[in-house]
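There are 4 protein chains.
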Amino acid sequence: METMETIEDKLHEECGIFGVFGYPEAANLTYLGLYSLQHRGQESSGIVSSDGRELYAEVSMGLVADIFTRERLARLPGGIAIGHNRYSTTGSSQLKNAQPILVDFSQGPLALAHNGNLVNATEIRKRLEAKGSIFRSTMDSEVIVHLIAASREGDLISRVIDAMQQLEGAFSLLIMTKNQLIGIRDPQGFRPLSLGRLGNALILTSETCALDLIEAHFIRDLEPGEILRIDQNGMESFRPFTPRKCSQCVFEFIYFSRPDSDVFGQNVHLVRKALGRNLVHELPVEADIVVPVPDSGVPAALGYAEESGIPFEMGLIRNHYVGRTFIEPQQSIRHFGVKIKLNANKQLLKGKRVLIVDDSIVRGTTSRKIVQMVRRAGAKEVHVRISSPPNTHPCFYGIDTPTHSELIAANCSVEEICQYLTADTLAYLSLDGLTQAIGPSSEDFCLACFNGNYPAVKLLERLELAGEGRRS
Amino acid sequence: METMETIEDKLHEECGIFGVFGYPEAANLTYLGLYSLQHRGQESSGIVSSDGRELYAEVSMGLVADIFTRERLARLPGGIAIGHNRYSTTGSSQLKNAQPILVDFSQGPLALAHNGNLVNATEIRKRLEAKGSIFRSTMDSEVIVHLIAASREGDLISRVIDAMQQLEGAFSLLIMTKNQLIGIRDPQGFRPLSLGRLGNALILTSETCALDLIEAHFIRDLEPGEILRIDQNGMESFRPFTPRKCSQCVFEFIYFSRPDSDVFGQNVHLVRKALGRNLVHELPVEADIVVPVPDSGVPAALGYAEESGIPFEMGLIRNHYVGRTFIEPQQSIRHFGVKIKLNANKQLLKGKRVLIVDDSIVRGTTSRKIVQMVRRAGAKEVHVRISSPPNTHPCFYGIDTPTHSELIAANCSVEEICQYLTADTLAYLSLDGLTQAIGPSSEDFCLACFNGNYPAVKLLERLELAGEGRRS
Amino acid sequence: METMETIEDKLHEECGIFGVFGYPEAANLTYLGLYSLQHRGQESSGIVSSDGRELYAEVSMGLVADIFTRERLARLPGGIAIGHNRYSTTGSSQLKNAQPILVDFSQGPLALAHNGNLVNATEIRKRLEAKGSIFRSTMDSEVIVHLIAASREGDLISRVIDAMQQLEGAFSLLIMTKNQLIGIRDPQGFRPLSLGRLGNALILTSETCALDLIEAHFIRDLEPGEILRIDQNGMESFRPFTPRKCSQCVFEFIYFSRPDSDVFGQNVHLVRKALGRNLVHELPVEADIVVPVPDSGVPAALGYAEESGIPFEMGLIRNHYVGRTFIEPQQSIRHFGVKIKLNANKQLLKGKRVLIVDDSIVRGTTSRKIVQMVRRAGAKEVHVRISSPPNTHPCFYGIDTPTHSELIAANCSVEEICQYLTADTLAYLSLDGLTQAIGPSSEDFCLACFNGNYPAVKLLERLELAGEGRRS
Amino acid sequence: METMETIEDKLHEECGIFGVFGYPEAANLTYLGLYSLQHRGQESSGIVSSDGRELYAEVSMGLVADIFTRERLARLPGGIAIGHNRYSTTGSSQLKNAQPILVDFSQGPLALAHNGNLVNATEIRKRLEAKGSIFRSTMDSEVIVHLIAASREGDLISRVIDAMQQLEGAFSLLIMTKNQLIGIRDPQGFRPLSLGRLGNALILTSETCALDLIEAHFIRDLEPGEILRIDQNGMESFRPFTPRKCSQCVFEFIYFSRPDSDVFGQNVHLVRKALGRNLVHELPVEADIVVPVPDSGVPAALGYAEESGIPFEMGLIRNHYVGRTFIEPQQSIRHFGVKIKLNANKQLLKGKRVLIVDDSIVRGTTSRKIVQMVRRAGAKEVHVRISSPPNTHPCFYGIDTPTHSELIAANCSVEEICQYLTADTLAYLSLDGLTQAIGPSSEDFCLACFNGNYPAVKLLERLELAGEGRRS
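Residue numbers (this note's numbering), protein chains in the order written: chain H, 1 to 472; chain E, 1 to 472; chain U, 1 to 472; chain P, 1 to 472.
It should be emphasised that the hints constitute simulated quantities derived from the structure, not laboratory data. Model, not experiment: these values are computed from the prediction. Any given hint could be a false lead.
Claimed, not checked - Straight line, CA to CA, 27 angstroms or less: simulated BS3-like cross-link-like pairs of lysine-lysine:
(1) P/K96 to H/K126
(2) E/K96 to U/K350
(3) H/K126 to H/K178
(4) E/K126 to U/K350
(5) P/K96 to H/K96
Said to hold, decoys possible - A short, non-exhaustive set of chain H residues, derived as facing chain P with CB atoms under 10 angstroms:
(6) D104
(7) E123
(8) R125
(9) K131
(10) S133
(11) I148
(12) A150
(13) I161
(14) G225
(15) R229
(16) N233
Cβ atoms here follow ideal geometry from the backbone N, Cα and C, with glycine treated the same way.
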C-alpha cells in the first residue's frame, strides 16, 4: 500500500531529544517536550523514566500525541526522564529501531537517546561483533551503548568519554541511569542541544521551542564536546577533548528547526528572514507578488518581500491535516502528489508575475509540481528563488538527503534545473549570501552539502558509507 | 479523561458535504473531496456510494485520512457517492450522530448529508413522534428523511419539495438514491453549495477548494431554494419557492471557509484581506509589527499590514501537529491551553509594540491567553484588532457559538473586553467596514450574530431552541 | 479474506438476551450474563442501561470479553440494563444490525433485544414503509419497535400487546425504558426466557446458566404469551392471548443451549444423555469405543456408552482456542477445515471399531471430514450415530439452517448419506426416540425441522421467506 | 486493572516451539504449528523466517490467531522459519521478553527460540556483563545468544556446543540462520522436542499434535543432548556430551501437553488414564459419580471411572470463551474466580456422592472453590482425587510453580489440605502409582516437584534462584 508520508522531496529530517532531571512527573514534561519537537521526527517516539529504583520504558511507532495516552504516561513514574522522536523514512521503519535504547549492563540499566549520524558506526560494529557482541537493531546508535558497556574504565563518565573518543560523526546524546542524566554534544557540535531550567528541574532539549511550551527558562547551549552530568549533587561539566573546528549544521537554520527556536545562538526565523533579504540580490527580477512555499518558506519570503518591496502574498495554502499518513486511493485517480499538501489560490495568482520562495531543492520533483500548479492557476510568470545554495553534496551527519545521483544540483546546472522546473527564472542564494546572513559565527558551520568540504571524514569512507543509510 | 480538542474558544465549526455523479470510482473522489473539506468538521466522516443496485456506507468517528483505508474505500463501489464531515464538539459526539444518514423507505434506500441547522426540528420531531415515528439519533437532520418518507407525494422530487416546505433554518443538502444525486440549498441560502465538473462527472461541494484538489472545474453555485437533480438523463433544476431575502452566512468569509475557496461568488482570502484593510481605520494606533493569530488571522493581518504600512511578522507560530486529540497529562502540569497550539517567538516580539490581528472573539479566554503570551515574550505594547464586529448574538443556523451568556461581546463593552484581555487597545471592525469589504452583495448576508436581526425566526422560538444544542 | 468462523457446517446458532432490574451496577451484571450466554452469539454484543433519567448504549462487533472494557462499562450507569449477543454469520454482519436497538419515540427512549425470527417481518415492513416509516437496519426486529411506536394505544403495555398481535414467528423479547423492564415470550413459546432473582434485583435471561454465574436464583420460566413488566412497584404479568399450541424449539435441547442450563423445564445435559441412550436401539452395532464429537456430542455419547456398555473415549480433541477468527494462510496450505477445531488421537483409535456420536448433520461436509480423520488415524471401522432425527426441513424461527437444497437429509436417504460420509454404518435417532427422551412435554415442541409440520405458517409464505435470511 | 488471566492456581505453563526447514511458505506452516501449541503459552507469540538472504521477524503480545493476520504472514517470506509461544504470567509480561530472539552477530543474523529454564542464567549474565555485554530483556534465554556470539570457536555448531557446555538447566532450543535450522535438547532432556517430515520439509516441534494439524509424519524425538543441524545438505546430528541421567519432566504427562500428543514416547491421554486407574487404589471410596475438572482432569477421570466402575459424568462445565482476558467489573461484584471458567450442573450433582478428579493442586484455592461449588450444587458428599503426588517442591526448570511457601502440599499434610478444601476425603496418587503408570521409562524422569531430588543443582543455588522468576 503506497502511502504519501514523503510526498515532498524534502527528506531533510532529523531526530529530537528531550530530557528532564528533578521534576516530580518527569515523563509528563518529557511528553510535552517531545510534542514540541514533533517536527524533528514523526516515525516513532519513546520515553524512559526513572524513579531511582528502576527504569521504565514506553516506545512505539507513531506520533507523540497518539502514542502517549494517559495510561501509558502513568506507567512512567519518577523524576528523571529522557525522550526521543525518530524521523520518518519509508522502508526501514521498525519498532526495533525506535529510541531511547534501554539496556542492562554491568552497572545496571542505562538508556540513551541520540540525534545525529555516526560515520564510523559500521566499522565499530564489525569490531564489536568480532569480539562477540550481539546487535538487536540496525541503528548506528546501538554501538554507543556497546562501547560504554565494554569500556575498561570505571565510572560512567569515564566510560562515556572512552566511548566518545571512538565515535566519529554527529551525536547529540542524552544518557540516563537510575539517578543521573547526562547530556553530550559531539566535539564538532553538529547538532544543537540546549539547557534550561524549570523551578529546580533541569531540562535538556534539541530546540528551545520545547522550553517555551513548558515555561522553562533557557540557560545556555551545551558546548561542542561538552559532557554535562546532572545528579542529585547538581551539574558538572566535562570537556575532555582538544577543541576542534566546529561544524554546526547549517540546515538547522535553513529547514530543520522550528522558526520560534533559538539554535546555535540565533533565532531561526530571523536567520531565515536574513537569507530571504540577501536572496533579493542574487538575480533581481520584477514581480507582482512574493509567494512562500508554506510553511518553511514563509520567513525567507517575508525577508524577500521586505527587502524588495514586492508584496508578500499567501498564494499557496497548506492543508492542515497533512502530516498524518494519506492513503492514495485506486490506480485511476492516483498521483495527487503535492496537491494533497498545497493548493494554489487562483484568485491571487492569475495574471500575476509570481516569485516563489522556497528553502531548498533536493530532487526537484516537488518544486516542478509547484511551478506547474502556479502556472495552471493563471500566473503570467513564475520565478523561483531558493534561500540556500545549490545542494550539491550528500550529507553523512544526519540529514536524510538522497545519494549524489539523486541530488538535482549535483548533476545539473542552475539553468538546467530552471528548465526542469519549467520556471521563468531560478536563483539560489550564494554561499556568500548564506554566510553573511548567519554572520561571524558562520565559520563554525558545516557547509559540506553546498561545497563538499566534509569535516574530518576521508573521501573513501564517505563513499563507502553513502550506501548504508543508517541514521537516527 | 480531559482532552484538548477544543482548547480554543473558537467553536465556530461546520459540516462539509461532497457528492459525485458519474465517476467510475465515485467514493475515491469523495474521499479526496472530504479530505479537502476536513476543516469543516473533524468529529466524524462518512461516505455512501451506489453502484445502481445497492447503497454502501462507511461512516466512522475520526479524521478522513484515518477512517478511509484502502480496504474501506474498496467496500464503496459505484459511480455515485456522497460524503459528510461532521464538526467536533465535546459530549454529544457519538457514532449514531454521524452522517450521511442511510435509510430504507417505501421507494428503496436513500442517503442524506446535511450542512446547516434547522430551527424547527424539535417541533417537527414531536409531531412525527406523535404519529408513531421512531428516531435513532439526536440530529436535527433525521427529521428530513422522515418528512421525505412520510410525504404523500409520489416521486422523490415532489416529496423533497414537500419536506422542504416544512423546514425552517439552514440546510445545504445532498440526497442520493440508487441512481440519482440531488443537491439542495435552502431558500435563504445560508450555507454554500457549488457545482463542478470533472470530465463527464458532476460534483457538488461545500467549497470550491475540493474542486481544485481533484482538478475539477467550477461551474456555478447552486441558487438559494434550488433543487438540482442529477441522473443518467443529466441535470434538472427545480425552484419551487417564492424568492425570499437571501441570508448567506457571513462567517463563511470571516472564519469557516478555506482562504483558497471561492464562496458566495468571492474569494475568501481576498475578502479577508479587505476586512483587514478596513480594520486599519477603526482605531489607528502606532505599532512596530502586525502579527496574525495563525492561521485564520493571516489574510486580515496581511491586509492590515499593507494598508497601514506596518510590517507583517509571524510572531506567533502554530504547532502543525495540533488538530488531533491532545491528552493533557497529570493534574500538576495541566492547563497548557493555547500554548499547545501556539507559541510566541520572543526574538520577534521583545521590546516591540505588537498589533495582533484575529478574526473574532467568542468567549475571550483564548484571546486573553494570547495577549498574555505576547506580553510575556517581551512586547512593550499589545494591541488587538478583530476583523469582524463584536459577536453579540448566538447563531441558530449552524455555527456552534455558545449561548448568549457565554458570548463576551453580548455582555461586555469593548472597553471591558479590552481590560479582560489585558490588551493596551482593542478594536473590532465596524458593521460598515464589514459590509463595505463584502461589497454590494452584502445585503444578501445574515448578520444576525452581529446585529441580532435573525431572518424569519420569532424570538420565542429562538430562546426555546437555544437550550438544545443539536446541530449538524 | 477467507476466515474460518464457520468451518463446521453447524450453523445452528442463536441470540442470547439478558436483563436486570434493580441492581446498583446493572450493566456489570448484564456483562457477566452475556458472557455466560456467549455460545448463543459471537458476532456482536451490546448493553443498554438506564439510570432513570437517560438510556446509555454500548454496542459493538465482537466477543463480550473483548467489547466490554472497564471504561466502556463505566459509561453504562444505572440500575436497569438489557443486553444482547448476536450470532455470527458471514456476509450480513454489520454494526447496524447489532442489538439492543435503541430508539426515541413519543414516550421517550426505548431499547429492545430480540431472540428469535419473525416470519411476517417483510410484510409488516412493507406496510410500515407505505405509511412513511424509515428503516435503519435489515433486522426483522426493527419492525417491532416501529409497531410499538406507531400503535394507537396509550400506555406501553397496551402498545406492546398491540404490536405482538401483529407479529408471527419466534420472539423472546426484552424491552426497557427509563424506568421499566419488560420480558416477553411469543404465544407459541419458541425460545426460552427465564426469570431469576439476585437479592432484590430481578433477572431475565435466555438460559439459566447465566443465573448460576451471578449466583442468582431461578424463579420460573416465562410462559408462552406472557408479558412480564417489572418496575419500581414490582412485577406484573399480562397474558392477553388465547392459549395456542406450544411450539418450543427442540434444537435448544439438541444443540443450542449449554448443558448446564435448565431449559423448558428440563436439564439440557440430562435430555442429551437420554437421547444418547435411546440412540443405542436404532441400529445396534458392535464397537470398541464410543467417541463423541466434542463438545456438543459429549452428553449423548455418555448416554450411549452407559446404555450400550461400550467404553466412552475422548478420541477427538477440540482445540480450546477456536471460537475466535482463524485466518487461513496462503493458497497452498489452505483447507484445514475441521482439523483446526478437532484432532484425532491416533493412539486411541488405531485398530479400533469406533462409534462416533454427534448431535446432528446439516450439510454433511464436516461429518465426512471427521469420519475420514478417524479412519486415517487407523480406525478399523467407523460407525456414525446422530442423536436427533434427519434434519429434512429448513427452520424459519431462528435456526440458521441452510435452504432445503443444502440440507443433506432433505435430499438423500440415510444410506446415501452414510456412503457420502464414508462411514461403515450410520443411524439417526428416530422421532419416537426423540419424543420419548423429552417425555410427556414433547407435545409442546416444534419438530418441523424433522417432520415439516410448521406451526401456523402457510407453505407459500415459508417458501417466500426462505430467500430472505434475516434473523436475530 | 485487574484481569483474570490466571484465575486458576494452575500456573504450570510452558513455552512451545516449532521450526520448519525446506517448505515454500515456512512461516505459514509455523503459524499453524504455533496454533496447535497455543496451550503451551498465551502471552506472546513470534515467528522469524528466512529466504536465504535475510531474516524477517514478527513478534507480538497476544494469541497466535490474533497476531498473525494474513498481511503479517506475508511479511515473513522464505523456506525456513521458527516460532515461539510464550506462556502467560501477570506482571513481567513485556514485548521485550517475547521470542524468538533475533540478533546480529559476527556471522550474521541468528534467531533463537527457547523452551525451558536455565538455572545458572544469572551467574552467566553477571559474567558477560562484567566483560562488557549489554542485555535488552530479562529472559534467561538471552544469555544463550550472547554465549554463542562470544564463543572463540569457529563454525556455528562448535559455538553452540561451547555455549551448551556452560548452560545448566532445561533447554529445548531452535536456532536458525539464513540457511540452517538447528534443534537442540539439553543433555538431561527436560523438555520434549520431536522431529517430523512433511514431503521434503523437516519439522521440529515441542509436541506431536502440531504434526497432526499440518499432516506431517512423526519421525522421532530428539535425544537428550542431541544437536540436530538441518541445511540444504540434509540432517546431521551431533552428540558431544557424555550421557547423563535423563530428567524428563513428568508434568508434561500430568498437565502440560495436549492429550493427543505423544511425548517422551508415550501418548499423553493414555498415561493420564493409567494415572486415573491407579488412583482408584489410593483411598477407595463409595461414590455415585466421577466428575473431572475439565479439561485436564478428563482422561484421569475416565481411567478412574473405568477402573472403579463408578459412572463418569460431566458435572462441571467449562466456559469455551475463557482463555482470553476477562475484565472483572466493579468492586461490588468482583471475585467470580473459578466461576468464570467452570459451572456446576446442579441437576447432575444434587443428592449425589461426588468424586472429583483433578490433575494437581498447587495453592489449593481453586480446588477449594470447586469443592464449595459442587457442594452448593447439592452434592451429598465431595471426594477429591488428584492424579499426581503432592506437589511439595518448587520447580526450577520451567514450570511456573510458586515458591515453597505458597505450595500447599509443602506446608500442609493431606488431612490439612482436605480440611482446607472442605472435602469429605482427599487422596493423591502415590509416587509408586505414578511411576507404575509411566512404566519402565519412569527412571528417566525428573520427579523433583514430588520428592525434592533435583537433578544436578545444588540446594544453595536453588534457593537463590527461587527468588528470581525468570523463565521462558
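Here's how the hints hold up against the structure:
no.	hint	in the structure
1	P/K96 to H/K126	25 angstroms, holds
2	E/K96 to U/K350	58 angstroms, violated
3	H/K126 to H/K178	30 angstroms, violated
4	E/K126 to U/K350	73 angstroms, violated
5	P/K96 to H/K96	10 angstroms, holds
6	D104	4 angstroms, holds
7	E123	14 angstroms, violated
8	R125	8 angstroms, holds
9	K131	8 angstroms, holds
10	S133	7 angstroms, holds
11	I148	8 angstroms, holds
12	A150	3 angstroms, holds
13	I161	16 angstroms, violated
14	G225	25 angstroms, violated
15	R229	21 angstroms, violated
16	N233	26 angstroms, violated
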